[in-house]
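Listed here are the chains, written in short residue letters.
Protein chains: 2
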Amino acid sequence: MIISKSSTHFNKKGYASSSISDIMEETGLKKGGIYRHFESKKELTIEAFEYSVQIMTEHYRQAIKDKKSMQNRLFAVLSVFQDLEKGFPLPGGCPLMNGAIEFDDTSSELASLVRSSMIDLLKFVEGLIVKGQETNEFSVDVNAKQASIIIISTLEGSLALSRLYHDSIYLDNALDHLQNYIRSFSI
Amino acid sequence: MIISKSSTHFNKKGYASSSISDIMEETGLKKGGIYRHFESKKELTIEAFEYSVQIMTEHYRQAIKDKKSMQNRLFAVLSVFQDLEKGFPLPGGCPLMNGAIEFDDTSSELASLVRSSMIDLLKFVEGLIVKGQETNEFSVDVNAKQASIIIISTLEGSLALSRLYHDSIYLDNALDHLQNYIRSFSI
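Here the protein sequences come in this chain order: A and B. Residue numbering for the first sequence follows the numbering used here, beginning at 817 and increasing consecutively. Residue numbering for the second sequence follows the numbering used here, beginning at 817 and increasing consecutively.
Bound conformation, chain A alone:
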């Protein structure tokens, strides 16, 4: 419960700018109650970030589960960003992008976690494209690594715009564009 509520708070407000008082307010616990479970704010932020990543990983897994074709699995990845825009499964946007912007100029343990988690997401998308090439669904002319960067960059950028303006038009336009881009992979 502490981790879940803390992760929501950190994802919305940022890690560095959130104080233990914020977490006390969010959880209704006293300082001692929090420090009984976590040695330091650092430990709490790391566990909260890991929790966010687990929630997202499970959400991606569920999204692609029933999709047979790799095109539909990639479309399912796009749909996860539509969910994030609506505040689901986590409020506050994509924890990886939030972490990327907050920690790009730092080298903490949390920054390393953000870096490895974003790589996992890029590799996940790249893997779907490579699988599509192996099963002759996608052309081998597609550079899977480059395509994964284009897809994730465009999704993260447009989600940030939609969240900034509380208007889905930015993400919707990007999804429309990316659907055509992904369709162009097919043989």
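Keep in mind the hints are simulated off the structure, nothing from the lab. Note that the coordinates shown come from a computational prediction; the quantities given were computed from them, not determined experimentally. Some hints could be false.
One copy or any two copies: either way a pair holds, since identical chains are not told apart in the list.
[Unchecked claim] In the DSS-like style, the derived pairs of lysine-lysine whose C-alpha atoms are separated by at most 30 Å in a straight line are: (1) Lys-939 <-> Lys-846; (2) Lys-884 <-> Lys-961; (3) Lys-883 <-> Lys-857; (4) Lys-947 <-> Lys-846; (5) Lys-881 <-> Lys-902; (6) Lys-902 <-> Lys-828; (7) Lys-829 <-> Lys-902; (8) Lys-847 <-> Lys-857; (9) Lys-961 <-> Lys-881.
Knowing the structure of chain A, use the given hints to seat chain B on it.
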């Protein structure tokens, strides 16, 4: 000098998590020296953000200045993101995206400024495309508003990835893709 040094600090470390002590350290001034110029931290953050936006606006203006065709002007917008990746004209990445991620869940005066500044950037890119259509350089089939969203989303997302990993490959891949996308506008 206070504004310039503060804007660098805020752009790298974030606005909410930076304290007046950080600004004292950055500028070498005592607290009284800072508050002689600014009524509050809020006033300082707003002036520092506005300063960042001015620097960026001037940099975009310089980048497109000698470019005649709208295609080359759009390519010049891409080159500004290459500069940002190298920490120029501001260290810490794009102040608009940094602000978007930090303030998307808030409704402060600074959040409003981030929103209006990001709209200005989108409109600037949209305007270049519309101009290209008016002068018969670009096809009227291109949806200028959608295209501006795609270009800015992809640039902002890939810049964030390149800054996260201190590796230009993410931005380079995105620029390669966007150059082809922009070339597809031409009649």
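- Task: Have a look at Lys-847 and Lys-857 and pick one of within, between, both or neither, based on CA distance no larger than 30 Å.
- Result: Both. Shortest intra-copy (11 Å) and inter-copy (27 Å) distances satisfy the 30 Å Cα cut-off.
- Copy assignment of Lys-939 with Lys-846, given that the CA separation must stay at most 30 Å: neither (41 Å within a copy, 48 Å between copies)
- Between the shortest in-copy and the shortest cross-copy C-alpha distance, which are at most 30 Å for Lys-947 and Lys-846: within, between, both, or neither? neither (50 Å within a copy, 60 Å between copies)
- 30 Å Cα cut-off: does Lys-883 pair with Lys-857 within a copy, between copies, both or neither? Neither: 40 Å inside a chain and 51 Å across chains, both beyond 30 Å.
- Item | Intra/inter-copy verdict for Lys-902 and Lys-828 if alpha-carbon distance must be at most 30 Å | Intra 13 Å, inter 28 Å, cutoff 30 Å: intra and inter.
- With 30 Å as the alpha-carbon cut-off, assign the pair Lys-881 and Lys-902 to within, between, both or neither. within (21 Å within a copy, 40 Å between copies)
- Item | Alpha-carbon proximity context of Lys-961 and Lys-881, limit 30 Å | within (22 Å within a copy, 35 Å between copies)
- With 30 Å as the alpha-carbon cut-off, assign the pair Lys-884 and Lys-961 to within, between, both or neither. within (22 Å within a copy, 34 Å between copies)
- Task: Give the relationship of Lys-829 and Lys-902 under a CA distance limit of 30 Å: within one copy only, between copies only, both, or neither.
- Result: both (17 Å within a copy, 28 Å between copies)
Of the numbered hints given earlier, the model fails hints 1, 3 and 4; all others are met.
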